[in-house]
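Asker: Chain residues, written in single-letter form:
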Amino acid sequence: MIRVEKATKSYQSGKVKVRALNDVSLEVKKGEMAVLSGPSGSGKSTMLNVIGCLTRITGGRLWLADQEVSHFPDHFLAAIRREKIGFIFQQFNLLSGYSTWENVSLPLLPMGISEKERRIRAMKLLEELNLETRADFMANELSGGEQQRAAIARALINDPEIILADEPLSNIDTGHVRMVIDILRELKKKGKTIIVSSHDTQPSMASLVDRTVYFASGEISLQEELGEEL
Amino acid sequence: MRIAGHINLWLMASQNLRRWRGKSLAIVIPLILVMATASFMMFTRGGFVKDAEIARGFLPDVTVQGIEAGRVGKISLAIKKRIEEIPHVKLVIPRVWGYLPLKIEGTDAAYTMMGLDLEQMVYDEKLPWTIEKGAFLAPGDRNKAVLGQGVALSFKTDVGERFVVEDTVDVGERLLVEDTLGNRGEFEVVGVLNNTVQIYSTDLIIVSLEDARLFFGYGENEASDLLVYADSPENVDRIAWEIAGSFKNIRVLTAKALTDLVKEAFGRRGGTFQAMWLILLTTVLLLVWAQSAHISVDVSKEIGILKAVGWQTGEIIEMRMMESLILGLGGTSIGILAGFLYALLGTPGISGYCLGCASVYPKFPVPVNCDFQSIVLLFILGVLPLMGVSAIPAWLAGVVDPDEAIRR
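Residue numbers (this note's numbering), protein chains in the order written: chain A, 12 to 241; chain B, 701 to 1108.
Please note that the accuracy of each hint is not assured.
Here are the computed lysine-lysine pairs in the DSBU-like style, where the Cα-Cα straight-line distance is at most 30 angstroms [what the hints assert, rightly or not]:
1. B:K1001 to A:K203
2. A:K135 to A:K95
3. B:K723 to A:K127
4. A:K199 to A:K26
5. A:K26 to B:K1001
6. B:K1001 to A:K95
7. A:K28 to A:K127
8. B:K948 to B:K774
9. A:K28 to B:K1001
10. B:K790 to B:K1001
11. B:K1001 to A:K135
12. B:K956 to B:K750
13. B:K780 to A:K127
14. B:K780 to B:K790
15. A:K41 to A:K135
16. A:K135 to A:K199
17. B:K1001 to B:K948
18. A:K95 to A:K199
Please keep in mind that the hints were generated in silico from the structure rather than gathered at the bench.
Hey, can you work out the whole structure from these sequences and the hints?
Answerer: Below, the structure written as structure tokens:
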């Protein structure tokens, strides 16, 4: 279960203090899929980063899998990111100097897993995502859709409990939208907890969503719990 | 982290260096140049200092020189007996020496002729030199000479012939010399010294005391200096003070003072080079820093991504430092090897500066001393700053939240 309680997140932008999240509380149950929705700058991506331990909240508390992690030191947060969370970035964030399979297997590297084993695990995921023929391509040689799938593969390489996806449908063509939604459906079937940020909910994704949380100006304006239709 | 994890990071570091060859070469080539410069400076300076230290073992405890009109001149042997009476003085040996100009077009080189009391200056006991070829002078030898290698390489010895550069002189040949007043002497070469202590031996022509007196026009009761030996090292300073206080118009030099003089002279030249080397090293560090700063946005983003997928800050810094370690070890090793070879080749192009008195010495090979301590020091100086400079940007990007590092 993921629980956020009265979270605030402020940062300094020049001389101006910006409050990206303002007293936000949220709960996502294990195996649920939640969509954080709202216009640009509403705080949904910040919320996703907070849950993904990519940034710290400046106030409030955060629980992941019944563990309060708000005040965990950096190395614990890194371990959580490595073991429990798979993060799919809006801009994919693949490392350009590395091949597709190397990018996918990056989280395994400090764990001491051999190159052979890393490649096997990466190839298995790439095959599931129809990307095996691009395994040895450099990341910058991939199309947008291929980069998206490589980023998904990287997020799944450690079989995490929680999948976080920031605008996963915004940078890919319509042909690949269906594929990404199918991937999310499969992940939900496997019991993964999924949180997706999206400025507009795709109708085809709506059937998967258990909870929609609407953000506006760093606050939650509306929460909807929906019936599951797989 | 398990050992296998570290190995993975090191492998990735080496792959990264291949991936970004241009950046790697931009760092490693200046590093090679700097380390080559630093190495030959350190090795040649070490050679001079080592020469001085070896020679010190054979120097007399105290050298007493005569002063005439404020300059080094003849010393009367009348004071020899009085010095011998000073407590703790074991032995006093007169020595005659002087310089011989080499009249060869295009060179100002000069040699040192030294006349030794062959009864008392026993080879292997009081002399710093060893014989490469032939034999050392024996008591009673007249008109015979032992040459330093520089002299041996430069002279032609047939009687009546002029000295010719590049000609060699060998054991059994004749050596003709002429002093500044036009005095001539003819000597049979009986031995050639080796180069164990080059700065003391390469320009030497060693003859008997009597031959040197005759050649330089010294009377029987005159010498250039007196070599004083003490009965134990702790009495040396006391003897030196007593001699200095007892006689006028003399200069007293202890072995330590003479050695320190040589070490200081070459130490200062070494210091000049070290200053140059520091400037070069600073240049490399600035280059590395500039490279790091230039790519800081990319580096920051990459570090953010690695952190986001679960890497610890320490693991990222370890990988970056490993990259620098590989570059530093590689660049420093090649640089040291290049510097050593350059020193062995006689530091072509700058040997005159290295030697300082090269216009005096003929064919003076630059001494080289490559010891373990110098190599360790060179590796420390070549590798650690590079690792530090590379680690700092990685650390700066590593200590912020992944989200912030990605968005920088």
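Asker: Which hint numbers does the structure go against, in order from smallest to largest?
Answerer: Of the numbered hints, 4, 7, 10, 13 and 17 do not hold.
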